[in-house]
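Once you've looked at the hints, dock chain B against the given chain A.
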Amino acid sequence: MTGSMDLPAKGGFDFDLCRRNNMLEKNGLKLPGFLKTGTTIVGLVFQDGVVLGADTRATEGPIVADKNCEKIHFMAPNIYCCGAGTAADTEAVTDMVSSQLQLHRYATGRESRVITALTLLKSHLFRYQGHVSAALVLGGVDCTGPHLHTVYPHGSTDTLPFATMGSGSLAAMSVFESRFKEGLTREEGIELVSDAIRAGIFNDLGSGSNVDVCVITKGKTEYLRNHQLPNPRTYASSKGFSFTKGQTEVLSTKIIPLKQKVEVAEGGDAMEE
Amino acid sequence: MGDSQYSFSLTTFSPSGKLVQIEHALTAVGSGQTSLGIKAANGVVIATEKKLPSILVDETSVQKIQALTPNIGVVYSGMGPDFRVLVRKSRKQAQQYYRLYKEHIPVTQLVRETAAVMQEFTQSGGVRPFGVSLLIAGYDDNGPQLYQVDPSGSYFSWKASAMGKNVSNAKTFLEKRYTEDMELDDAIHTAILTLKEGYEGQISSNNIEIGILRADREFKVLSPAEIKDFLEEVE
Numbered sequence: 001m002t003g004s005m006d007l008p009a010k011g012g013f014d015f016d017l018c019r020r021n022n023m024l025e026k027n028g029l030k031l032p033g034f035l036k037t038g039t040t041i042v043g044l045v046f047q048d049g050v051v052l053g054a055d056t057r058a059t060e061g062p063i064v065a066d067k068n069c070e071k072i073h074f075m076a077p078n079i080y081c082c083g084a085g086t087a088a089d090t091e092a093v094t095d096m097v098s099s100q101l102q103l104h105r106y107a108t109g110r111e112s113r114v115i116t117a118l119t120l121l122k123s124h125l126f127r128y129q130g131h132v133s134a135a136l137v138l139g140g141v142d143c144t145g146p147h148l149h150t151v152y153p154h155g156s157t158d159t160l161p162f163a164t165m166g167s168g169s170l171a172a173m174s175v176f177e178s179r180f181k182e183g184l185t186r187e188e189g190i191e192l193v194s195d196a197i198r199a200g201i202f203n204d205l206g207s208g209s210n211v212d213v214c215v216i217t218k219g220k221t222e223y224l225r226n227h228q229l230p231n232p233r234t235y236a237s238s239k240g241f242s243f244t245k246g247q248t249e250v251l252s253t254k255i256i257p258l259k260q261k262v263e264v265a266e267g268g269d270a271m272e273e
Numbered sequence: 001m002g003d004s005q006y007s008f009s010l011t012t013f014s015p016s017g018k019l020v021q022i023e024h025a026l027t028a029v030g031s032g033q034t035s036l037g038i039k040a041a042n043g044v045v046i047a048t049e050k051k052l053p054s055i056l057v058d059e060t061s062v063q064k065i066q067a068l069t070p071n072i073g074v075v076y077s078g079m080g081p082d083f084r085v086l087v088r089k090s091r092k093q094a095q096q097y098y099r100l101y102k103e104h105i106p107v108t109q110l111v112r113e114t115a116a117v118m119q120e121f122t123q124s125g126g127v128r129p130f131g132v133s134l135l136i137a138g139y140d141d142n143g144p145q146l147y148q149v150d151p152s153g154s155y156f157s158w159k160a161s162a163m164g165k166n167v168s169n170a171k172t173f174l175e176k177r178y179t180e181d182m183e184l185d186d187a188i189h190t191a192i193l194t195l196k197e198g199y200e201g202q203i204s205s206n207n208i209e210i211g212i213l214r215a216d217r218e219f220k221v222l223s224p225a226e227i228k229d230f231l232e233e234v235e
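These protein sequence lines are chains A and B, in that order.
Residue 100 in UniProt numbering sits at position 100 of the first sequence; the count goes up by one each step and never skips.
Residue 186 in UniProt numbering sits at position 186 of the second sequence; the count goes up by one each step and never skips.
Isolated chain A, as found in the complex:
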């Protein structure tokens, strides 16, 4: 296990097998797909802190792989991060930076700052030149105030009062652009975030299911998992199913009496060890 977390890394991915993979693909091999999170993720700054929101659908091409996944990741007690892009990449990169922040907290004895998380994330993503497909909305409150940032897969970042990412970002951004104002209250902030996520859920195929919300203020974080469930199951029959005899048509019958095939010997010795 020594050496698995040595910093700084030698750099990037090893591309030695790329030529071979391209050749295999040309010869008809179907490369394995990966789980993307389609996604609508949003964040906004309100008067006491930040509110983050996300949908809960994970897609594998046209199939919904997970109807209720968690896209708001823990970074520090006062910092959370929404992730869009390849699910494995967002999970791995947020776990890794969360771990580094914990070690940093122990070394300094202080609460983590949002800008620290931001810098650790962007340095990592830049080193991998966009191959780590993670688009993140990072938000939190620290001693310098509330902060909201977006991080792109190639390592660039923005600092914004409200932000959206993912395939549903345009639908969500339309809600923000028309209704965002400075100094929102907590209730207004949560409602605006939920409305933006719902816009993504209903207007974007890559997003769906439920709304997760996370409210971060000075000294307190509330993770409202499944804050809204606008897509409940409506088709499960409570009566269950009943099949009467004769419903299935019998096409042919074949009976093999086993007694004639097997010799049953009475007695005998017990099996030897």
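Derived from the structure by calculation, the hints contain no laboratory data.
It is possible that some hints are incorrect.
Lysine-lysine pairs mimicking BS3-like chemistry, simulated, CA-CA at most 30 Å apart [said to hold, decoys possible]: (1) Lys176(B) / Lys220(B); (2) Lys159(B) / Lys18(B); (3) Lys220(B) / Lys218(A); (4) Lys220(A) / Lys92(B); (5) Lys92(B) / Lys218(A); (6) Lys220(A) / Lys67(A); (7) Lys51(B) / Lys176(B); (8) Lys122(A) / Lys218(A); (9) Lys228(B) / Lys51(B); (10) Lys259(A) / Lys245(A); (11) Lys171(B) / Lys220(B); (12) Lys176(B) / Lys228(B); (13) Lys102(B) / Lys67(A); (14) Lys171(B) / Lys159(B); (15) Lys122(A) / Lys102(B); (16) Lys51(B) / Lys89(B); (17) Lys220(A) / Lys102(B); (18) Lys220(A) / Lys220(B); (19) Lys122(A) / Lys89(B); (20) Lys92(B) / Lys220(B); (21) Lys102(B) / Lys218(A); (22) Lys122(A) / Lys92(B); (23) Lys228(B) / Lys165(B); (24) Lys196(B) / Lys159(B).
For chain B alone, kept in the frame of chain A given last:
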């Protein structure tokens, strides 16, 4: 004695079967400030004296008891700088364990890994053993635990133990006072009394440090105000 001819190299055994450098490391520990730990029925307490070299030193900048994870703390006797290195390595190992297994590291595992690091430095070229003995206190699913780790890398689980200058008197005192079903607050009082026994001078809330783990499993270093309350209860 024949041993001294073999004390030049760490990695050479003496004819009596000892690694003399480790013996010397234990001597360094034995001349360090007293520290002790007591495992109670519902928690663990570790404590140490904090004698600073001069009254001009800012005592708030010195913290001898450190947290390794939210539910594991550690105190030492011996060389402070060596302790800092071990604390850093242990914290990193705890994080790596969590990254790998998504489970918070059990106390025994962290003790084992720290001990493995200390042993590494007794069998490598160009390094010396750590001049500290550690008392690691933790509270996990196996209940409250207290471990001592020596410079050689050997570790022991204790119900109560002491290390440093006043070790024999402190241990005798603890043997007399320890009971299996002790509550944590009793254990804290006993710890303070044990430190008081061997203390040269007046004990106060600024020259001792106490770290505790209650049933809530959160390692906490007591503030001077909290220590003062316990001291007053003991008087």
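Here is what the structure says about each hint:
1. Among the hinted pairs, Lys176(B) with Lys220(B) is consistent with the structure: their alpha-carbon atoms are about 27 Å apart, no more than 30 Å.
2. Among the hinted pairs, Lys159(B) with Lys18(B) is consistent with the structure: their alpha-carbon atoms are about 28 Å apart, no more than 30 Å.
3. For the proposed pair Lys220(B) and Lys218(A), the alpha carbon gap of about 22 Å is at most 30 Å, so the pair holds.
4. Distance restraint check for Lys220(A) and Lys92(B): the Cα-Cα separation of roughly 27 Å lies within the 30 Å cut-off, and the hinted pair is therefore satisfied.
5. Proximity of Lys92(B) to Lys218(A) is assessed by CA-CA distance (about 28 Å); at most 30 Å being required, the pair is judged to hold.
6. Between Lys220(A) and Lys67(A) the CA atoms are separated by roughly 29 Å; this keeps the pair inside 30 Å, and the hint holds.
7. A distance of roughly 26 Å separates the Cα atoms of Lys51(B) and Lys176(B); the hinted pair therefore holds under the 30 Å criterion.
8. For the hint pairing Lys122(A) with Lys218(A), the CA-to-CA distance comes to about 25 Å; that is within 30 Å, so the pair holds.
9. Our distance criterion of 30 Å between C-alpha atoms is met by Lys228(B) and Lys51(B), whose separation comes to about 17 Å.
10. About 28 Å separates the Cα atoms of Lys259(A) and Lys245(A), which keeps this hinted pair within 30 Å; it holds.
11. Proximity of Lys171(B) to Lys220(B) is assessed by CA-CA distance (about 24 Å); at most 30 Å being required, the pair is judged to hold.
12. Restraint check for Lys176(B) and Lys228(B): satisfied, since their Cα atoms lie roughly 25 Å apart, inside the 30 Å limit.
13. Using a Cα cut-off of 30 Å, the hinted pair Lys102(B) and Lys67(A) holds, with the two alpha carbons roughly 23 Å apart.
14. For a cut-off of 30 Å, the pair hint linking Lys171(B) to Lys159(B) stands: about 11 Å separates their Cα positions.
15. Proximity of Lys122(A) to Lys102(B) is assessed by CA-CA distance (about 24 Å); at most 30 Å being required, the pair is judged to hold.
16. Distance restraint check for Lys51(B) and Lys89(B): the Cα-Cα separation of roughly 26 Å lies within the 30 Å cut-off, and the hinted pair is therefore satisfied.
17. The straight-line distance between the Cα atoms of Lys220(A) and Lys102(B) is roughly 25 Å, inside the 30 Å bound, and the hint therefore holds.
18. A C-alpha spacing of about 20 Å is found between Lys220(A) and Lys220(B), which places the hinted pair at or below 30 Å, so the restraint holds.
19. Under the criterion of a C-alpha separation no larger than 30 Å, the hint pairing Lys122(A) with Lys89(B) is consistent with the structure, at around 26 Å.
20. Taking the CA atoms of Lys92(B) and Lys220(B), the gap is near 20 Å; set against the 30 Å cutoff, the hint holds.
21. With a C-alpha separation of about 28 Å, the suggested pair Lys102(B) and Lys218(A) falls inside the 30 Å cut-off, and the hint holds.
22. A threshold of 30 Å between alpha carbons decides the hint, and for Lys122(A) with Lys92(B) the separation of about 22 Å falls inside it, so the pair holds.
23. Of the pairs offered as hints, the one joining Lys228(B) and Lys165(B) holds, with about 24 Å between alpha carbons and a cut-off of 30 Å not exceeded.
24. Taking the CA atoms of Lys196(B) and Lys159(B), the gap is near 20 Å; set against the 30 Å cutoff, the hint holds.
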